[in-house]
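Student: Next come the chains, spelled out residue by residue.
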Amino acid sequence: MTCAACSLTPTTSPAASFNKSIIQKWSLNNGAVLFYKKPASSILTRPCAASSSSSSSATTKKKRKKKKKKDEEEEEEEEEKDESRSGDDESSSSMMKRLDDVNPVGLGRKSRQIFDEVWRKFSGLGQISRTIRSDEDDEAVGGPMCEFAIPGAQNTTVLVVGATSRVGRVVVRKLMLRGYNVKALVRKASQQVVDMLPTSVEIVIGDVGDSLTLKAAVENCSKIIYCATARSSITGDLNRVDNQGVYNLTKAFQDYNNKLAQLRAGKSSKSKLLLAKFKSEDSLSGWTVSKGTYFQDVVATKYDGGMDAKFEFTENEEATFSGYVFTRGGYVQLSKRLSLPLGSTLDRYEGLVLSVGGNGRSYVIILESGPSADTTQSKMYFTRISTKAGFCRVRVPFSAFRPVMPEDPPLDPFLVHTFTIRFEPRRQRVTDGTTGGNQDLRSFQLILEYIKALPTGQETDFILVSCTGSGIEANRREQVIKAKKAGEDSLRRSGLGYTIIRPGPLMEEPGGQRALVFDQGNRISQGISCADVADICVKALHDSTARNKSFDVCYEYVAEQGKELYELVAHLPDKANNYLTPALSVLEKNT
Amino acid sequence: MALRIPIHHMTMKKLNSHSNGHTPLSWRCNLATDALLSPQSSIFLPSCSPSGQVKPLLVTCASGAAPSAANLAPGTPVRPTSILVVGATGTLGRQVVRRALDEGYDVRCLVRPRPIPADFLRDWGAIVVNGDLSKPETIPATLVGVHTIIDCATGRPEEPIKTVDWEGKVALIQCAKAMGIQKYVFFSIHNCDKHPEVPLMEIKYCTEKFLQDSGINHTIIRLCGFMQGLIGQYAVPILEEKSVWGTDAPTRIAYMDTQDIARLTLIALRNEKVNGKLLTFAGPRAWTTQEVIALCERLGGQDANVTTVPVSVLKLTRQLTRLFEWTSDVADRLAFSEVLSSDTVFSVPMTETYSLLGVDSKDIASLEKYLQDYFTNILKKLKNIKAQSKQSDFYI
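In the order they appear, the protein sequences are chains A and B.
Here the UniProt record's numbering is used: position 447 in the first sequence is 447, and no number is missing along the way.
Here the UniProt record's numbering is used: position 99 in the second sequence is 99, and no number is missing along the way.
Isolated chain B (complex conformation) (with noise of 0.2 Å):
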């Protein structure tokens, strides 16, 4: 298969050094491949930097479909059944695998090479594929025989957010484009249009955006927030006697469980109706961190040792830590103050998705039921547990 992918022609430019305390980011994209000669669209974006300058954010796409990549050649039919899920070893990606793998479906998973691979995920019966959204030229052989694509990949914490989740999503998608791929599922975040000074949630939007003009036959499913990721933050704390951090910001997360999340996105994935749309999943009650903190020291049946720090302390250390460029990824990871101190409320009303998907909105997990689940589980364990080793002092 002869694969042109452009690569080259993606330039990323900063038009602004760090120093003045702020990084507007701009892109230039190109998706024309060099038989295509229809014209180009370009998108310019308002971003808003937080100091109140508007910088354009340029995303410049090929639009209009091209013919000559999806009909390659009279080949073996790709099955529908085939997908490839990227960042399947996420917190999202496993359930997606898990799920998808449990409906049927052939589930080829993208991760990244390294010493301990990913066990689990071959275990479940996932052909596991190696390759780095960082290092395009590893992409084009993994989606060979690929339908769908499930996008969950989002960079680490710990690293500069722009390989994985610009530089790597515009190569993927441009070769998604090249290769024919049937459909590409995209996780974004909730509100992301509206808070473009945080680097991810710009970042997310532009995918978006690039993914909207590549043609390219897509659904993007926009999240809100993972009831997994209040157990590491609150509720193993608290069972551990251990300070809480939580914030006074009065925003609220309508947190969901991502098993629904899979579910959901494994519906809309055969559903034809929601191609080209954008869906936004959000649980079914939008919670404050102190509710959060309340409700798990109720079912935990301890008090928390709470630290609550001001947002606006938050806030001062972002920019404090925007003064320097060797503090710019501290300042990254601290963004999202910006959207705390703002009052928003993370939550859409899910009717209309549940009609368009055919969903029971009894089905979707609270966080009272999915936290309840989690202390009776746990706490039985640590009852087993406790009993054990009062029978093993017997020995000693």
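Chain A extracted, bound-state conformation (with noise of 0.2 Å):
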């Protein structure tokens, strides 16, 4: 560039002073960088010329020839404005000779990349606001200026099960789009599903029927996302995906986590606190059992039936609570101090998670609270559990407690100190089970084999897309809903943060449009875009209210006159708006 200027103009000193003023100014621009440049600049003015016109390839040539002409404007403006800092210090700058800045060729690659970059904001100038980036300036795409960017993102591994589903597919994108990684399980990796998916999507092949193959797609996903439906109303098929679908992976989920907790030695915030182990004849010692009735002023009722209860450790080491109660009114519980082990605090447990077998009968467990050196100030709370003929494990949050005395505050877990559970006659249901039809609702059997304090958490770990079942065929609809109950319910119980959302009939249409309505309680009637469900999916993923949360969404619908009779919570999504939470927040837990 520097040449072609000088070898144009007839007259050398206009040149001179622009080659001068251009590179000057640079260097003072860019200070270190193109700071030995200027003695060259200052030297070489007419060599550099002929010289580097001569060694330079054919290709800059070219190039320069182009050039020539703007090289004749770009002068007059640049004198005027350059002039007054031309004069600059040229003595330090002699010092700093080296071989390399002398190099004709390297010179008039430099001045023509300096030439370039002037050139390019002077016509810069010239045009209306266009940015011209190249393609690999990822700034936009997932930038700190994006307004979809969420932090933590990137951390965040989920797992899409039913990715090509409609529901799926708006999910892999607005995960993608804010930056999580995401698995997608499928069945098969044929061309077409991989097609349809984005490319950074990691395809795991496995099925949610088949509890081993779910084993590899868990590794490392902190959330799941479950948008799979049966393709077909056969109730095989429905079980397989709706219900069992949701047991395996809840299951093989939670090894996963439990695994993660092992190789952290139980220090893992997955990791459940240990209350009590049954296991042994020790381990029943400390609890205690005792009896009452809810009627203690009249004599008579006390002793008309009677009742007994005992606590012990049977032969087939199985620690049973058993008795009868004939009593009317009468009570009897089984209870004990908890001793939690030093620096942990059932604050840090949402709930409490029972490990039970026996005849299947109901129970009230009762937490006491208050100062632990002073019982004459413990508050009582209650809850009732029923349990299953057979083994199962009942999950109790301590958001179910309700005071006994209705004015006292709700249970703060971190001041409770004993645990009893009561068995009581009253409102026994007789449980269709293995104790055939003479059984006597007033005798119980309760085998207990641990009690542990589950962890909580902040967020949801299982996002599960159910049904209203509004919009199936009536035929069909049986069936589905109690494939998609069964699920929800294995779910609830896998001690797993869940949300569950029952959306109405699904409408492939463009999100974000209307109001949405969230309601509890099988109340809705409208449809939804799979936009939308996708939409409420990844804003449950890091929303604490949407944790434990079981909901039905459908669009906004005007309600009869004088059939208002719910409070429903309706919000339009919009731009960066959460509506999530407030929607959430008036919903119960636990349902």
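Please keep in mind that the hints were generated in silico from the structure rather than gathered at the bench.
No experiment lies behind these values; they were computed from the predicted model shown.
Check the hints yourself; a few may be wrong.
[What the hints assert, rightly or not] In the DSS-like style, the derived pairs of lysine-lysine whose C-alpha atoms are separated by at most 25 Å in a straight line are: (1) B:Lys-369 x B:Lys-380; (2) A:Lys-539 x B:Lys-362; (3) B:Lys-135 x B:Lys-183; (4) A:Lys-110 x B:Lys-242; (5) B:Lys-369 x B:Lys-242; (6) A:Lys-277 x A:Lys-452.
Quick one: dock chain against chain with the hints and give me the complex.
Tutor: Next comes the structure, spelled out in structure tokens:
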């Protein structure tokens, strides 16, 4: 460039000053980077033109020819602007002569680069603001300016089951846009399926009906979104995907979490806290059996039938709490003061899980809380649990406990000091079961295996897209709902933080257009777009209010006059607004 | 599908050569299919050349809808969620793609085949199809099964403006018409009808006219300026302490965030009321170059090294470059200087548009907010990098 300018203009003085001014200006701007170009520019104006034009390659010549003209105009304005800067320190610069600097080829190239830059900026002024951007530049692709960016998304791997379903496809896209790592569980990696999914999605081949294949799928995942559904209404198919599939996957995911917890020697945030384990004779110590009645003032009723209970370790190595209550209003209970391991408090846990067996009675669990030194100030909180005939695990969240005295504040798990399980003959239901027709509802048997506290989590682990049942043909509905319900139940029992979304009939249309209704209790009647369901899934991932909730969702509908019974929360999903939190915070947990 | 694209009807005539200093453009286009015998309407647009001459600009287009094209055959109905984005790798295009994907559309992107494919589009879940507007034979295959076309394409500065922006667009619109595309959204430039001396604006204006005459269901959206463009032009140089070039032009531009444009576009897309309309999107406030630089300086906490180029110099350069044919695209690139010198305000009141689309004006990002976010993020990042480099010094 330098050379081109020099050779073209007859008088050297403007050209020289032009060269100088540009280069010096740039050395000013770029400080250290271009510093030692200065001496070269001041010494060499003419020689450079001759030698570099001869030595430089043919390609540069071509380009240069095109630029000749531009240079001419460039001179004019450069002169007027930059004259002021031309007086610069030349004494210090001459010290820094290097062999490299006087190399005419390198010099020509450098000055060409500088000129190109100046020209680019200059011509940029003459344009409507357009960004000239190279394709590798991904500033806008996932940069901080992106409204979709979610902090921590890069460290979160989400497994999407049913990634090719109507909802699943949009879920995958939304996750990708937000920068999550996405794994997709597919049955076959056929070309069609692969084409449907974004290229960076990790495809795992497996089947939710086959628990062995799920092990690999849940590896490294921290969240699961389950939007698969059976393709047919054949009962076997429904069971396999909607019921057994959910069960298998929760199991695989729990196994994986447990594995992680074991690796961290029980110190993981996923580890449960063992409160009591009944595996030996000794473990029964500390538990006391007591009895009482609700009508203490009526002496007569107290002795009319009698009651008895015992807690013993049987020969089959089972800790059994059994007995009978014939007294009207009587109860028997088993209680213990909890001794927590050092450094752990129950407020970091969100509920209890009991592994019990027996003949399927329902029990009342009572937690006493208050300062442990002074039991007179204890407050009692109760909840009712039902068991099944045979062994089962019962999950009781702390939020389910109600104070015995209605004026007491809600349960604070931090203060809990005594655990009681009480049997009372009231409100027992006949269970269809092994005990036969002559079962007496006043006798009971409860085999205790362990009591653990469930770790609390801020976020949901498993999002299940279920259905409300509306919009399915009547002859299929029963079966579908049965399978879906069974799936939901196994998820609730799994101990994972769950969110169950029951959308109305799905519609294939863009989302974010209409207000949504979040509700519980199977009352909704409208449809909803797949994209909105997907949006709820993605939003629920990091929303603490979505944890352990089941809810129905559909488009807003106008209730008929006089039938506005419900308190419904509606909000139009819009840019960056989080409609989910306010909508869900009023809904019940653990329903 | 039997397709007859009347590309061969389209002729481009240059009435004048470049040597007389300006290049009046004239295109004769014909959108008549052979089956169609409807009367044709011709529109003569006065094209003002800078020297004051008036040349007729002829755009001829078959008026009236072509009933044969819209309902071709009873086949699978096209899903309204399937859209094609042309120019998907661009500043605006990528935001449109992202927004559309997020709203649950099935997005197809028309991109030019290139050695390094635009992987980010595929990563987001869009389907990428290869095609080139300058090669009309590649277009029809990409339009199969598409309901709506969103056209955000503009030729790159370095390529001749006519191939993509005019010939390519004409071919695309003709093809869309022939294949019964149900909606065509076209992005144009604000005030493009007032500045026919700027080639890009003239082309955009002619394309608008062509689209309106084609009878296709369309929406034209005129834009003022992108905030994203300011980052590279002012914010980055200021942070890197390089020189910033600005003009002293009094022109004001109401810059707008492309994410907002994309959002409004998709709202407009679903709104039946805007069919066939011309909307103009503008940002909340119009800014001069000097104001933008001052804002960047304030937010960046650094004084900029500003080089102010008088508009007269730009104009002079343009005049000089137009003298020779081989500098004509340089002249085209500087053409906007004509607009800059004309003291225009690139802005429109948006209240009506907001109410038409049902958008709250509070949701539209202002330039102050946008740049503030940018600088906060970048400065935080720089801090992190500095902290890291200090740590690594320890090991060296």
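Student: It remains to establish, for every hint, whether it holds in the given structure.
Tutor: Quick rundown of the hints versus the structure:
no.: 1; hint: B:Lys-369 x B:Lys-380; verdict: holds (16 Å)
no.: 2; hint: A:Lys-539 x B:Lys-362; verdict: holds (23 Å)
no.: 3; hint: B:Lys-135 x B:Lys-183; verdict: holds (22 Å)
no.: 4; hint: A:Lys-110 x B:Lys-242; verdict: holds (17 Å)
no.: 5; hint: B:Lys-369 x B:Lys-242; verdict: holds (24 Å)
no.: 6; hint: A:Lys-277 x A:Lys-452; verdict: holds (8 Å)
Every hint from the earlier list agrees with this structure, and none is contradicted.
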